[in-house]
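Protein chains in written order, with numbering that gives the first Met the number 0: chain L, 0 to 434; chain S, 0 to 117.
These are calculated hints, taken from the structure and not from any lab test. Just so we're clear, the structure is a prediction, and the values are computed from it rather than from any experiment. Even glycine gets a Cβ: it sits at the ideal position worked out from N, Cα and C. A hint or two may mislead.
[What the hints assert, rightly or not] So these bits of chain S aren't anywhere near chain L, every CB distance computed over 12 Å:
#1 1
#2 24
#3 52
#4 53
#5 55
#6 66
#7 69
#8 70
#9 87
#10 93
#11 94
#12 96
#13 116
#14 117
[What the hints assert, rightly or not] EDC-like mimics (lysine to aspartate or glutamate), calculated; alpha carbons at most 16 Å apart, straight line:
#15 L:221 <-> S:112
#16 L:299 <-> L:332
#17 S:8 <-> L:227
#18 L:228 <-> S:112
#19 L:281 <-> S:112
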Amino acid sequence: MEYLSTDKILVIDLNTAQVEEEDLSDSLVEEKIGGIGITKYLYETYQDDDPIVIGTGLLTGTTYPASGASQITAKSPVTEKLCHCPIIYKLGLEIKYSGFDYIVIKGQSPKPVYLWIHDGVADISDAGDLWGKNVWETTDTLRNFVGDDLLQTMMIGPAGENKSDYAQVCYNHWNSPDRFGFGKLFGTKNLKGLAFRGMGMIEVAEPEDFVERSLEILKEIKENSFLEKQGIAPMLTALGEADVEEWIAPVTHRHSADYFTPYASNTALFLDEDPGLLEESKKEEPGILVSDIYALLGFKKLGLSAMDTGHALKACAKHGIDPFAVATLSGKESLADIEASLESITGKLELPGQGTFTPWCPVGPVFNDFGLGCEQMPAWWERRQALSMIFGIQPMFALMSPELSEANMLELASMGTELELTQETLDAVINDICG
Amino acid sequence: MGIKINAIKCTNCMACEMVCSYHRDDGFAFLSACIVAYRAREKKDYFGVLLKEEELLVVARPEGLEINKIGEEADPDKEADASAKPMLLREGCDLCEDMDDYGPMCVAFCPVDAITLD
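Hey, can you work out the whole structure from these sequences and the hints?
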């Protein structure tokens, strides 16, 4: 696969510590397109080894708007279903630029390890010194060790090591969209996580046309009035939660976006620092970055202040546990009790639809109505989630922007690869994923 | 004429970095960009934009603009960002002079208009 690709599938056997590389064939892309179309195929190929498959989308890391996402596909140790979790922030992008389109992790390591993926090289490294550290300590330790603060990580904390059902794979220091207990799966495999850094280059078949069309789509997106807003609170307002913006304002610092995503959907809360501070804080850990609207809302509905909610989210991120599960299942209503409960979260969370996609994303459109009726919503949501994770589109923004259409994703993927990718193929891939 | 950066409007999305590097390399990469979204202070949520011009290094911080002449000693009280050192080895901004249809790519592709033409 020459274009929009690193042409590499990495296959790691944790049982034997063997690392192999396979080429990504044009024929596989012509049949499955990319992202979860291919991670599902790879999962099925290696399913006897209970694999975790990490994959980039076909448009990930390009000039197509919001193309920063990658995904994890694995069987949830909680629901026993094959699930797909988006990889967001700047991490999804880094995976492709570190030199691999897909990473299959098979088997179980006899001792704690982490995978260090950089510039087309993959190492299985001893994680003895990392095991026992929380998510923040782990990421900081690895960044210091490598001497690069831009290192991107996908790690578990104590919850994953202790195999909690709601252990989450966290991204850098932050909670992730993982509602499937993938952190438990990592822990079961003695896999502390993965670290990525790359300076690769992705070739594109028709660069001038690809970039020109990308800009046309971006210009259409910028016509949306919702882009005057920023952050997590306006999304909740749009979903009918009227008083969140006022509640969260006293601790809101700034908003940031995932790679090339026009809406800044991540909000930093400052907890031990003046939220209005524009200079670099002298405190090492002044706050928490929040991307999970329902975790935020869950703590709010327990009666916590925005400040205490921030502290609860921070504790969850360090422990590596799904904050929505904590808010929903802990049965606690004070910050101290919630923090004390992180080791003992049990119960069952309902997943929408077939349980394949994460309800970290609202089950319906945000800011725009996409012309949908209520009865169309569940099927539309699953199709939209599948679409975003085939092409590598930030999944929250895919629910905001009708300008990101199936037609123009296919158009740019075909243009960028010189392969003939049709609507019929896309329909078949989505049907295979969604059933 | 030059690039003007509003670091308060910036959302740290890295679009500028990608398209700048594309302008140099005709492929998708980040290695050659003369404009980068600096993001090494992640836990502090402190970010902005670095721009290398022909003779100047422009640091657009949330608290204001800092312009350093390349080759002169930087402010010893300010710790350099991890992104800064490789920047000095890269070509300076040429305002995408060969991109007739676009003008500067970082201006055209900034989704929040934090980068404009001065």
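Hint-by-hint comparison with the structure:
1. 1: holds, 21 Å
2. 24: Residue 24 (chain S) is in fact no farther than 12 Å from some Cβ atom of chain L, at 6 Å.
3. 52: Nearest chain L Cβ is 23 Å from residue 52 (chain S), so the label holds.
4. 53: The assertion about residue 53 (chain S) holds, with a minimum of 24 Å to chain L.
5. 55: Per Cβ check, residue 55 (chain S) is outside 12 Å of chain L; nearest 22 Å; holds.
6. 66: holds, 18 Å
7. 69: Consistent with the label, residue 69 (chain S) stays out of reach of chain L, its closest Cβ about 22 Å off (over 12 Å).
8. 70: holds, 25 Å
9. 87: holds, 16 Å
10. 93: Residue 93 (chain S) clear of chain L: closest Cβ-Cβ about 17 Å, beyond 12 Å.
11. 94: For residue 94 (chain S), whose nearest Cβ neighbour in chain L is about 17 Å away, the distance exceeds 12 Å, so it holds.
12. 96: Its Cβ never comes within 12 Å of chain L, the nearest being 16 Å, so this holds.
13. 116: The assertion about residue 116 (chain S) holds, with a minimum of 16 Å to chain L.
14. 117: holds, 21 Å
15. L:221 <-> S:112: Holds. Residue 221 (chain L) to residue 112 (chain S) sits at ~10 Å (cutoff 16 Å).
16. L:299 <-> L:332: Holds - the C-alpha atoms of residue 332 (chain L) and residue 299 (chain L) are around 10 Å apart, at most 16 Å.
17. S:8 <-> L:227: holds, 11 Å
18. L:228 <-> S:112: holds, 14 Å
19. L:281 <-> S:112: violated, 29 Å
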